[in-house]
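Engineer: From first to last, the protein sequence lines are chains A and B.
Using my numbering, read the first sequence as starting at 1 and increasing by one per residue.
Using my numbering, read the second sequence as starting at 1 and increasing by one per residue.
Just so you know, the hints here were simulated from the structure itself, not pulled from any lab data.
Quick caveat, the model's predicted, so the values are computed rather than measured.
Incorrect hints may have been included.
Claimed, not checked - Heads up, simulated SDA-like pairs for lysine to any residue below, C-alpha to C-alpha not over 25 Å straight-line: (1) Lys162/A x Lys149/B; (2) Lys162/A x Leu284/A; (3) Lys73/B x Met81/A.
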Amino acid sequence: MSTELFFQYIAAGLTYGFIYAIVAIGFNIIYNTTGIINFAQGEFVMLGSMTAITLNAFMPLPLAILLSVLITMIVGAIMEMLFFRWLESPTVLRMIIITIGLSIIIREIALAIWGENVRALPYFTGNEVTSVSIFGAHISPQVLWVIGICSIVVVALQMFFKFTRYGRQMRACAANREAARLCGINAKNMVTLSFVLSAGIGALAGCVVSPITYSQYNMGVPLAIKGFTVAILGGLGNSMAAVAGGLVLGILESFSVWIMPSAYKDAISIAILLLILFFRPGGLFGRKEELALKEF
Amino acid sequence: MAEPLLKVEGLSKSFGGLEAVKDVSFEVPRGSIKALIGPNGAGKTTLFNLISGNIRPDRGTVLFDGKEIQKLKTHRIASCGIARTFQHIQLFAGMTVLENVMVGLHTHLHAGFFSAMMRLPSSRKEEKKAKEEAMSILESLDIAELAYKEATSLAYGQQRIVELARALAQRPKLLLLDEPAAGLNIRETAEMGRLIERIRESGITVFIVEHDMSLVMKISDEIMVLSYGEKIAEGRPLEIQKDPEVIKVYLGEEEV
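Given the sequences, and given the hints that come with them, work out the whole structure.
Structural biologist: So this is what it looks like as structure tokens:
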């Protein structure tokens, strides 16, 4: 393999890898506060990119993206308040099934609003033929946007959890909800906040990736599967491991095209998901003792 | 006499057929150390849980600082000024000692969500102040050097102190201590006793469940005895030691 081609694959792998990582972090944030997998996570990504595309007809791109992220965050908040907040000690399974139902509803609403058309946001800089040369590989500037913005999101989230009182409260709730309540933390608000955050980062990921992958009402499903694989690969609840997991999956997928037909690309993530679930259900970085404490 | 800080009236709670707490009434005077003792399964922890709000009473009222709190949500009760520690230590895993204590402080922070998100100067200043306050609490408990260690990785006795630090960070009026000396050795227990007395001197009322009789007799102003969910005695340590009923159900077995 030539060096150019190698870096071409790496760049493509990193692009998808970061998107998977962001979706996986979205899963993790909600998992940490509620113990559930939010199967509507992919729909946040779809909503974010579709809304931005519509808004972009009326306003400049940065504003459209900002507004669509805010709208998706509000959708996340409404979703939590309408369907989860009032449940009295619901089982994990019940909540998961609600998220599956919600993902179908959101998808159908999106179909009614936007139809089946495939759309895309314009490239943030340049157009589809613009490329920058890195180590001889020709890389679309949008790839750099994806990698850049996703890295910023990851770092900003880490800062949020580490250095703000809301971040600490969320971690406290994740670690021990009862003790957190007794410290005066409103645990229900923290759950709402986790939906808002997940929706926001999902929407942002949907916007940055839209020019490359295009957007459609059902784009969330494959992303949710990949994101879920990555979250499991890293170990549920561990956001930094999700980044590592995302990059591993992205790069594996990207290089798989070299040895087998690209139609099998998606099979890779499913195969990894199954292997991990069979052999290391705690994830690559998970510990056995931790796993024993998890409900799901 | 001044109004008591905590006044419990006719409190009852059953779990299925078991009456864990039966029609219990008592008061905790301001600035006192009151102890709750009784054999295992007497309902002591249940009574604590009823006061701190993680379980709801079937009947009865809990008046805290003149206000009925038994119907409030758990986190509201905590923000009224009741902090507690647990029989089985409940620290936040994956967080440092300092972070654990800062979580305790949070009801006294005011920065709004967006200013905290954006790390605006006002919230950054508050964050800095919170950190300093948390540090000063750790210093006052002589565990400042543990600030950046992961809380759940510490030795058992140290974890107890961290839990106490977190509760103190809530700046409570009433501190509920559920078996603070459990699992501590003699030296650590004596240290804990001195600590509790110091906490009371700082103006915090203390209500404590404890099995270690020497500790209870030494530090408490008043003792209340619970047996099978019922209050069987209440009084000064010396009276309790002589109470025939208490000796029968409790002290006799424990050979104190």
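Engineer: Confirm or reject each hint.
Structural biologist: Evaluated hints:
Between Lys162/A and Lys149/B the alpha-carbon distance is near 14 Å, which keeps this suggested pair within the 25 Å criterion. At most 25 Å may separate the alpha-carbon atoms for a hinted pair to count; Lys162/A and Leu284/A meet this at roughly 24 Å. For the proposed pair Lys73/B and Met81/A, the alpha carbon gap of about 18 Å is at most 25 Å, so the pair holds.
Checked against the numbered hints given earlier, the structure satisfies every one of them.
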